[in-house]
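Order-wise, the sequence lines are chains A and B.
Just so it is clear: in the first sequence, position 48 is 48 by the numbering used here, and no numbers are missing.
Just so it is clear: in the second sequence, position 402 is 402 by the numbering used here, and no numbers are missing.
Hints listed in this document are in silico derivations from the structure and should not be mistaken for laboratory results.
Heads up, some of the hints might be wrong.
Unchecked claim - Straight-line distance between alpha carbons at most 16 angstroms, and here's what the computed EDC-like set of lysine to aspartate or glutamate pairs gives:
id, chain 1, residue 1, chain 2, residue 2
1, B, Lys-104, B, Glu-66
2, A, Lys-12, A, Glu-116
3, A, Lys-12, A, Asp-29
4, A, Lys-12, B, Glu-29
5, B, Lys-225, B, Glu-386
6, B, Lys-364, A, Asp-19
7, B, Lys-104, B, Glu-78
8, B, Lys-364, B, Asp-168
9, A, Lys-12, B, Glu-122
10, A, Lys-114, A, Asp-19
11, B, Lys-43, B, Glu-17
12, B, Lys-21, A, Asp-29
Unchecked claim - Covered by chain B, according to a simulated footprint, are these stretches of chain A (three or more residues, beta-carbon under 8 angstroms):
id, stretch
13, 7–15
14, 27–35
15, 62–72
Beta carbons: idealized from backbone N, C-alpha and C, even for Gly.
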Amino acid sequence: MNSEVVDPTALKEVLGINDKAVLAGFYIDFLHTGAATIDEIQRAFDVQQGGEVGRLAHRLKSSARTIGANDLADCCLALEEAGRSGDLQSITLHMSKLPLYFSRVGQWIEQHVKSEK
Amino acid sequence: MKEVAPIRGILVVDDDEFILKTTTFTLHEMGFGTVLTANRAIKALAHITTPTKPIDVILCDLNMPEMDGIEFLRRLMEEGYEGGILLFSGEDARTLSTAKNLAKAYSLNVLGAVSKPVQSSELAEILATWHGPLERKHPSVTPLIDAATLSTAIEAGEIIPHYQPKVDLRNGRTVGAEILARWDSPMFGMVFPDAFITVAENEGLIDSMTFRLLASALEQSSAWKREGIELELALNVSMTSLQRLEFADQLLEVIYHTGGHAQNIVLEVTESQFIKDSVEPMNVLLRLRMKRIKLSIDDFGTGYSSLAQLRDLPFDQLKIDQSFVRGAARDADAHSILKSSIEMGRQLGMTVIAEGVENLGDWKRVAEMNCDLAQGYFIGRPMAGERIPGWLRQWQARCQVISNKN
Chain A
1 MNSEVVDPTA
11 LKEVLGINDK
21 AVLAGFYIDF
31 LHTGAATIDE
41 IQRAFDVQQG
51 GEVGRLAHRL
61 KSSARTIGAN
71 DLADCCLALE
81 EAGRSGDLQS
91 ITLHMSKLPL
101 YFSRVGQWIE
111 QHVKSEK
Chain B
1 MKEVAPIRGI
11 LVVDDDEFIL
21 KTTTFTLHEM
31 GFGTVLTANR
41 AIKALAHITT
51 PTKPIDVILC
61 DLNMPEMDGI
71 EFLRRLMEEG
81 YEGGILLFSG
91 EDARTLSTAK
101 NLAKAYSLNV
111 LGAVSKPVQS
121 SELAEILATW
131 HGPLERKHPS
141 VTPLIDAATL
151 STAIEAGEII
161 PHYQPKVDLR
171 NGRTVGAEIL
181 ARWDSPMFGM
191 VFPDAFITVA
201 ENEGLIDSMT
211 FRLLASALEQ
221 SSAWKREGIE
231 LELALNVSMT
241 SLQRLEFADQ
251 LLEVIYHTGG
261 HAQNIVLEVT
271 ESQFIKDSVE
281 PMNVLLRLRM
291 KRIKLSIDDF
301 GTGYSSLAQL
311 RDLPFDQLKI
321 DQSFVRGAAR
331 DADAHSILKS
341 SIEMGRQLGM
351 TVIAEGVENL
361 GDWKRVAEMN
371 CDLAQGYFIG
381 RPMAGERIPG
391 WLRQWQARCQ
401 VISNKN
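My request is simple: use the sequences and hints to build the entire structure.
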C-alpha cells in the first residue's frame, strides 16, 4: 500500500472517529462523488470551459483534502488556478494527470478497505 | 459551570455532497441533533426566510455555483439573520480572511473562518464560542433587566431550573445533574444566566433565586424518583451568598422543607471566586459539609489556587474546566494539565469531573486518564426536567454504541 497517496489520519481527524467501518463507508462515498465530479470536469474541459473546470476542481480539491488525498488535491489546485487565469495550456497539462491521480486514490481505497476488513 | 448557550439547529451550506455528508456526520457525533444541509445558497436562504426549525448557526462555503457565499452573506444581512456564521472554504487564507471581514462589516455574527477540511476538534472549539442569539437579537435587553423586573420574575416563578446530566465514565451510569438557571420570560423568551446572574448578585436577589431554584429542582427530583430515577443535584452557589453566615441554615431549611436529603445535594463553587475571599465562605461551606452536603470546585484550572489550599479545603469533587478538556485534543500543555489535574484530584480522594466533553475523542481521552465523571454536550445538553427520562433512555442506547467503539 502506498501510504503517500492518501494520508490515513486525515479523515479520522475530520470526522473525529476511529471506526473502520464508518471510515470505509466515507472513502467509498468519496469515490462515487469524486468520479461524478471528474466526469463533470471532463465535460467542461471538452467544451473548453476553463472557468468551469477550475470551479469544479476547487470542489474536488476540498473533498480530496478531507480524505487526505493530497496529490489529487494538489492537481485540483493547479487546475483551479489555471482555470481562474484562463490558462488553457496549463489546464490541458493538468487534465492529463487528473485521471491518474484519481485512479491511484481509488486503488489505495480499495486496498485499504480490504485490509481493514 | 460557565455555560455556552445551546445550538438548536445548524445549517451546512456547500455544493459538494461529500463535504455535506462528512460535516453532518461530524456534527451529529458532537451531539448536535438538528443538522440541515443545502447544496445551493438559494436553498439555504429558504431555510432562513421560511424556517421550519430554528437555525442558530450556519456553516457556509464561499465558492458555490449560482449564488456564491459572498452573495449569500449579503442576503443574510438583508434578512437580519442573527445566528452565528462559520465560513469554511477551500479558498486561500487571504480570501477567507477578507470574506470574514466583509461578513463582520455586514454586522453578521461571525464565529470564525477556517480552511477545509475542518477537523472535528477545530469545529467543536469554534462552535463553543457561540453564546446564543439573544445578545445580538436584543442588545438592549440586558440593561433593561433591572432589580424590579428580575425580582418580579423570581416571584412569578419564571426563573426555572434546567438540568445537565453527569455520567460515570467507567460504565456510563447517570449519577447526577447540574442545575442551571433559565429565565423563561414572557417578554424576552428563554434568557440565559449571564444576562441576569450579575444583576441578581448586585441587587440582593441571588439568595431568593438560588433557594427557589433548589426547591423547584427538589420537587422535580421527587417526580423523577416516582419514575425510578435517582440523581444527585448540583447547585451553583454564588460567592455573594457564601458571605452570609445565615445562608447555610436557610439552604438547609429549603432542603428539609421540600423533603430533600442533604447527601443528595452538591454545591458547586467557582474556584477563582473562592480563592479571593475564603474566610466567611469557608465557615458556611464547612457547616454545610458537616450536614453531609457535598462540595465541588467548579471550573478548576481557571483560578489561582495553590496545592496547599486544595489540600485544606473540604471539597469532595473537582470539576476540571472545559477549556482543558477541549484543548487536550490539540494542545500538549492542555493535555498535561488535564492529566495531572485528574491524577491530583484522585490522589486527594476527590471525585473528578471533566466538563465540556463534546465528542467521542474527549470521552475516550478523559476515560483513559481515569477521570471519574463526565459532563458536556456529547452526553447531553441542559434540558427541562421533564425531558430527563427520555434523555436517559436515549443515553442508555448510545452507551452501548460507545462501549462497542472502545
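Unmet hints by their number, sorted upward, for this structure: 1
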